[in-house]
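So the sequences go chain by chain: A and B.
Quick note: the first sequence uses full-length UniProt numbering, first residue 1, plus one each step.
Quick note: the second sequence uses full-length UniProt numbering, first residue 1, plus one each step.
Among the hints, a few may not be true.
Derived CB-CB ranges, DEER-like [what the hints assert, rightly or not]:
#1 B:Gly-135 - A:Thr-198: 57 to 65 Å
#2 B:His-53 - A:Gly-221: 53 to 61 Å
#3 B:Thr-2 - A:Thr-198: 51 to 59 Å
In silico PhoX-like cross-links for lysine-lysine, where the CA-CA straight-line distance does not exceed 25 Å [claimed, not checked]:
#4 A:Lys-69 - B:Lys-298
#5 A:Lys-69 - A:Lys-6
#6 A:Lys-165 - B:Lys-37
#7 A:Lys-110 - A:Lys-165
#8 A:Lys-161 - B:Lys-225
#9 A:Lys-6 - A:Lys-165
#10 B:Lys-398 - B:Lys-151
#11 A:Lys-4 - A:Lys-142
#12 B:Lys-10 - B:Lys-70
#13 B:Lys-107 - B:Lys-144
#14 B:Lys-144 - B:Lys-372
#15 A:Lys-110 - B:Lys-298
#16 A:Lys-184 - A:Lys-6
#17 B:Lys-107 - B:Lys-225
#18 A:Lys-69 - B:Lys-144
Taking beta-carbon pairs under 7 Å as the criterion, some of the chain A residues facing chain B (in silico) [unchecked claim]:
#19 Asp-77
#20 Val-92
#21 Leu-100
#22 Pro-126
#23 Glu-131
#24 Phe-139
#25 Leu-150
#26 Thr-152
#27 Ser-175
#28 Val-178
#29 Val-199
#30 Glu-214
#31 Gln-261
#32 Thr-262
The set of hints was computed from the structure by calculation and includes no laboratory data.
By construction, the Cβ of each residue, glycine as well, lies at the ideal position given by its N, Cα and C atoms.
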Amino acid sequence: MTSKLKPIFKDNKAFIPFVVTNDPDFESTVNNVVALAEGGADIVELGLPFSDPVADGPVIQAADIRALKADPDISTDTFFDIVEAIRKETQVPLVFLTYLNIPFQYGYEKFCARCEALGVDGLVIPDLPVEERGEIDPFAAKHGIDIIPLVTPTSASRIEKIVSKATGFIYVVSSLGVTGERSKFADDLSELVTRIRTVTDVPTAIGFGIHTPEQAAEMTGIADGAIVGSACVNLVAEYGNQAPQKLTDYTKQMKTAIAGQTSKA
Amino acid sequence: MTELNLELNKNTTGRYGEYGGQYIPETLMNQLDLMTKAYEHYKNDPEFKTELHDLLVDYANRPSLLYYAKRMTEDLGGAQIYLKREDLNHTGAHKINNVIGQALLAKHMGKTRLIAETGAGQHGVATATIAALFGMECEVFMGKEDTDRQKLNVYRMELLGAKVHPVTSGSMVLKDAINAALQEWATRVDDTFYVMGSATGPHPYPLMVRDFQSIISQESKSQLKEQTGKLPDMVVACVGGGSNAIGSFANYIDEPSVQLVGAEAAGKGVDTDLTAATVERGSEGIFHGMKSMFLQNKTGQINPVYSISAGLDYPGVGPEHAALAASGRAQYVGITDDEAVDAFEYIAKTEGIVAAIESCHAVAYVQKIAPKMRKDQIIVCTLSGRGDKDVASIAKYKGVNIDD
Ligand SMILES: Cc1ncc(COP(=O)(O)O)c(C=O)c1O
Chain A
1 MTSKLKPIFK DNKAFIPFVV TNDPDFESTV NNVVALAEGG ADIVELGLPF SDPVADGPVI
61 QAADIRALKA DPDISTDTFF DIVEAIRKET QVPLVFLTYL NIPFQYGYEK FCARCEALGV
121 DGLVIPDLPV EERGEIDPFA AKHGIDIIPL VTPTSASRIE KIVSKATGFI YVVSSLGVTG
181 ERSKFADDLS ELVTRIRTVT DVPTAIGFGI HTPEQAAEMT GIADGAIVGS ACVNLVAEYG
241 NQAPQKLTDY TKQMKTAIAG QTSKA
Chain B
1 MTELNLELNK NTTGRYGEYG GQYIPETLMN QLDLMTKAYE HYKNDPEFKT ELHDLLVDYA
61 NRPSLLYYAK RMTEDLGGAQ IYLKREDLNH TGAHKINNVI GQALLAKHMG KTRLIAETGA
121 GQHGVATATI AALFGMECEV FMGKEDTDRQ KLNVYRMELL GAKVHPVTSG SMVLKDAINA
181 ALQEWATRVD DTFYVMGSAT GPHPYPLMVR DFQSIISQES KSQLKEQTGK LPDMVVACVG
241 GGSNAIGSFA NYIDEPSVQL VGAEAAGKGV DTDLTAATVE RGSEGIFHGM KSMFLQNKTG
301 QINPVYSISA GLDYPGVGPE HAALAASGRA QYVGITDDEA VDAFEYIAKT EGIVAAIESC
361 HAVAYVQKIA PKMRKDQIIV CTLSGRGDKD VASIAKYKGV NIDD
């Protein structure tokens, strides 16, 4: 299977912003994603809101709650309707971040088929460790969807096992704990990325905690991309219908900061 | 008392039919791998087993009594009723059996800090107690709703030296406390062991908790044999996440003549939205590290649940119970708030036992089923805990003000 995501990292450090689907509503999600694409986002990561996002910190938890409060019985079909509306405006590469129960309830086959049809090229599933990938792998592979694995500073001897199955890109978690802005990252991130690169040529993107242009530059000095969640979600929460302009500006700023970075790892 | 048989369970894969597994963030996987290996090692280690045995006997007051409830039996006029008295354990519930096991494992793994979630507060109290005994740090996560319902247990934990964190996210009950404890663990794994309070979560928790709680049925089986020469016809226990129930069932699962019944919290009724009857009302899903049965909507969002009992209002159930329900080996029945409160008063007045409101869900089922059984038949009902913690809220439920 040839990944649609992998080539994005080829001659360019990738900036991957994140917003939550239906936060605060259908229309805003579409506008916000379009704004991120206009700013130059290389991939947009769309979170599917979940009632109990155990890997997420307070900012993204609050976004999930807003999204579900706006429409408590929101269906997975509506999530796909939002993507369909986005696709009328932009062809920016998209990945979902979703807890496994959502695709499980929808049916893995149907979920992956709809992702393929709408150009959602990858799935980041925080509660799917490599041991359980067999759940969804066959369906994802059939529809050309990358399952993006997470590697963390605690992965230790698990790294080889995790990344040997990777396609698309590898989500390198910057530090322990949950998502949210941080001022400090794990000390050994370069080592972690170096170790990954001895096993695979699948690109890496660092996420969890990145919010300033300086941090984005530093992280793309180590890895092939930077993922920014809580900072974008904060802009959405703070600026309401002014958020698109803010998101475009922020994306441009981050893109400038990482342009010309070369990996030291 | 004979040593706890940690080898009873032949299936150590973490899969119970299609249920179980390890659906948990990568940050925690290395710890779970280490824990699995450590448990597989220590459960065969004679020194570990002796330590465990000594703590269960000398500290927790095991074996617990198997008590023939004569007045209840006569009053209900059917099957003979035996009560497995986990309420008489140190700290007043079955939770201590599991905590001693996990905390001992934590100590052998070199951990110095225990964290736990708690609903009714019994598991938190047990964890705080053993942390004090072992000289370990302890932090307990408890939904804000539950810290209000169970003030006495909050103070008790603090008295034992634990720090209690009221959790204000989500519906502020047990499920949210588990989320918070998992998040805290992900932040600090090196010195910290998460002591899971029920037979739930990712492997190896359901396995370990079942093994440690299987002391309940190991004892009841030999005690009943001694007292009557027979096997029970039915074993009844309440089910929140399912730890006292799986421990009560474990030694009977391979005895097909023994009927196994779990009493779930139906809250205001199995057919209402104010319920926690997971097996009857739930559907298959993946949450809190396991594939099992959950109360959820069609999209897969986990539902808020309700029960008068803070220890039973969990939207899921341990994976082995999901498998026992699927195969039909065990039955699960919903007991409403009203039925449980009636049972609370009934067992107090007939047997002089103030039992936990959780346990009274099992008692309520016994009240229903015993009269329909023959007098030569035997029911073993687990009283998972004592009810002192519930007296104030039952008074309130009945409209009695005992505050000052
Ligand atoms: C006395 C008592 N019984 C039962 C339970 C329910 O837990 P489980 O189903 O794991 O036995 C609790 C939980 O807090 C409890 O305190």
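Now the hints, each set against the structure:
1. B:Gly-135 - A:Thr-198: 57 to 65 Å: Violated: the Cβ-Cβ distance is about 43 Å, outside 57 to 65 Å.
2. B:His-53 - A:Gly-221: 53 to 61 Å: Cβ of B:His-53 to Cβ of A:Gly-221: about 56 Å, so the range 53 to 61 Å holds.
3. B:Thr-2 - A:Thr-198: 51 to 59 Å: 52 Å, holds
4. A:Lys-69 - B:Lys-298: 16 Å, holds
5. A:Lys-69 - A:Lys-6: Roughly 36 Å between the alpha carbons, so the hint for A:Lys-69 and A:Lys-6 is violated.
6. A:Lys-165 - B:Lys-37: 24 Å, holds
7. A:Lys-110 - A:Lys-165: 23 Å, holds
8. A:Lys-161 - B:Lys-225: The hint is violated at about 50 Å.
9. A:Lys-6 - A:Lys-165: 14 Å, holds
10. B:Lys-398 - B:Lys-151: 19 Å, holds
11. A:Lys-4 - A:Lys-142: 14 Å, holds
12. B:Lys-10 - B:Lys-70: 37 Å, violated
13. B:Lys-107 - B:Lys-144: Status violated; Cα separation ~30 Å.
14. B:Lys-144 - B:Lys-372: 42 Å, violated
15. A:Lys-110 - B:Lys-298: Status holds; Cα separation ~15 Å.
16. A:Lys-184 - A:Lys-6: Roughly 28 Å between the alpha carbons, so the hint for A:Lys-184 and A:Lys-6 is violated.
17. B:Lys-107 - B:Lys-225: Cα-Cα ~36 Å, so violated.
18. A:Lys-69 - B:Lys-144: OK: A:Lys-69 and B:Lys-144 at ~21 Å, within 25 Å.
19. Asp-77: Interface hint status for A:Asp-77: violated (9 Å vs cutoff 7 Å).
20. Val-92: It is violated, given that the least Cβ distance between A:Val-92 and chain B is near 25 Å, above 7 Å.
21. Leu-100: 5 Å, holds
22. Pro-126: 5 Å, holds
23. Glu-131: 6 Å, holds
24. Phe-139: 15 Å, violated
25. Leu-150: Check passed: Cβ of A:Leu-150 comes within 5 Å of chain B, closer than 7 Å.
26. Thr-152: Cβ of A:Thr-152 sits 5 Å from chain B, so the hint holds.
27. Ser-175: At 9 Å from the nearest chain B Cβ, A:Ser-175 fails the 7 Å test, so the hint is violated.
28. Val-178: 5 Å, holds
29. Val-199: Violated. Min distance 16 Å.
30. Glu-214: 24 Å, violated
31. Gln-261: Violated, about 26 Å.
32. Thr-262: 28 Å, violated
Figure legend: structure checked against the earlier numbered hints; hints not met, in rising order: 1, 5, 8, 12, 13, 14, 16, 17, 19, 20, 24, 27, 29, 30, 31, 32.
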